[in-house]
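Number of protein chains: 2
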Amino acid sequence: MDSLSPTPRTTITRGRNRAVSERTRLHAFLQDALLAHLGVVAGDHPVVLPTAFGVDVDGPDSGGTLYLHGSVAAGWLAKAREQEVCVTITELDGLVAGRSAFHHSMNYRSAVIIGRARPVDDPAERERGLAAIIDHMIPGRWATLRPSTRKELAATAVLAVPLAEASMKERSGGPVDEPEDIAAGVWGGHIPLMRVAVAPVPDEDSRGPAPADVTERAAALGSEDGALAAQSHR
Amino acid sequence: MDSLSPTPRTTITRGRNRAVSERTRLHAFLQDALLAHLGVVAGDHPVVLPTAFGVDVDGPDSGGTLYLHGSVAAGWLAKAREQEVCVTITELDGLVAGRSAFHHSMNYRSAVIIGRARPVDDPAERERGLAAIIDHMIPGRWATLRPSTRKELAATAVLAVPLAEASMKERSGGPVDEPEDIAAGVWGGHIPLMRVAVAPVPDEDSRGPAPADVTERAAALGSEDGALAAQSHR
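From first to last, the protein sequence lines stand for chains Y and Z. Numbered according to the numbering used here, the first sequence spans residues 663 to 896. Numbered according to the numbering used here, the second sequence spans residues 663 to 896.
Treat identical chains as interchangeable: a pair holds within one or across any two.
Cross-link-like lysine to aspartate or glutamate pairs, in silico, EDC-like; alpha carbons within 20 Å at most: (1) Lys741 to Asp783; (2) Lys813 to Asp783; (3) Lys813 to Asp784; (4) Lys831 to Glu684; (5) Lys741 to Asp706; (6) Lys813 to Glu840; (7) Lys813 to Glu787; (8) Lys831 to Asp755; (9) Lys831 to Asp694; (10) Lys813 to Asp839; (11) Lys813 to Glu842; (12) Lys813 to Asp843.
Bear in mind the hints are in silico, worked out from the structure with no lab data behind them. All values reported here derive from a predicted model rather than from experimental measurement.
Put together the whole structure using the sequences plus the hints.
The structure is reproduced here in structure tokens:
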């Protein structure tokens, strides 16, 4: 199995037992996760912004390629171009109620990727990158959409970040408590959290049922038994 | 109502219509959200790490105080102390299926806070900060726990970030599509996403039912009708 080979700046120094070292597990997590936080340096301070992302595990960069997009007018894009950026992707899986304040924690899966953000100018790679981002949100959707116009493409910047320099951490399960707190009979455990979708909501201009790619995505993000996907609470 | 007064570096330049300007709404969002991403500058590149947080709206800093904690041995803490940091807090609320790739989007609420990270050394403020972090995860929990030991406190660093320099954005609802795509009869809408809890899971050393603070937190994070909180899928 291809190992993640962290450099000193992606070497996990705290909680080494929670480090995940196989690249295939990184790719699987990135497939599952929906939201990235992009960190850039803006002069003398960092800026962190939430963003969508896509991944091409066979992309042109060593270890695979992560794609970001945005408006060509966005300030963060100018700050990220050709600069070292950090892309962090986290899914929160639970709250850990320890027997003491010190042993409270959160369950999560998290990937930290550091690399130079490469502006993608080649039209074919731009299309693959944008397709990866759209299909990451809703698998299969890109193929159902009309082609982007020249104006739309001109307004969109695509950045590639190599997945070469990455680390991943994962915590699951209950607290790791002090023996004396366990002996004292204090309760300890965790509250599992999950992200679920409800049924797709058509906008006021839509006629007819949602397309299959959208309903399948909502069902896949529904609760384990699919029950939630059938209810719309919003 | 107290307005957020962003400086140039927290002024929202893209999507101004999505900026949220009231401080009370920022505080309400921070109350709801569970996970922060902390950005620090490490030499020539940014690092972004997921972390728990707490808020004291009446804290000593202008606009209120956000608290972070970590092991005194954590590398990021040394990088953050007395430095400008960025704390970004995002909740993902939905996937927006536009009628074209260009108009795909995500629904979210997000706050970006930039400020100097102040190490908290005063014992009383350290306790308030740690209580804010624990009670943010599980309201009311701090008061039920044994006091922290001197060893635990010595191993824990607390950082304060002022909420003075903050901005907030929010997107909700369906896509904003091109008139010609709407006229063509293409479907457009969104998939709502929510974070839900299932019933608390006791660890193998626990006897008896979970305490009220834990069961109430799980119920409050359950689905709107509480049905999900009664089922444990994990």
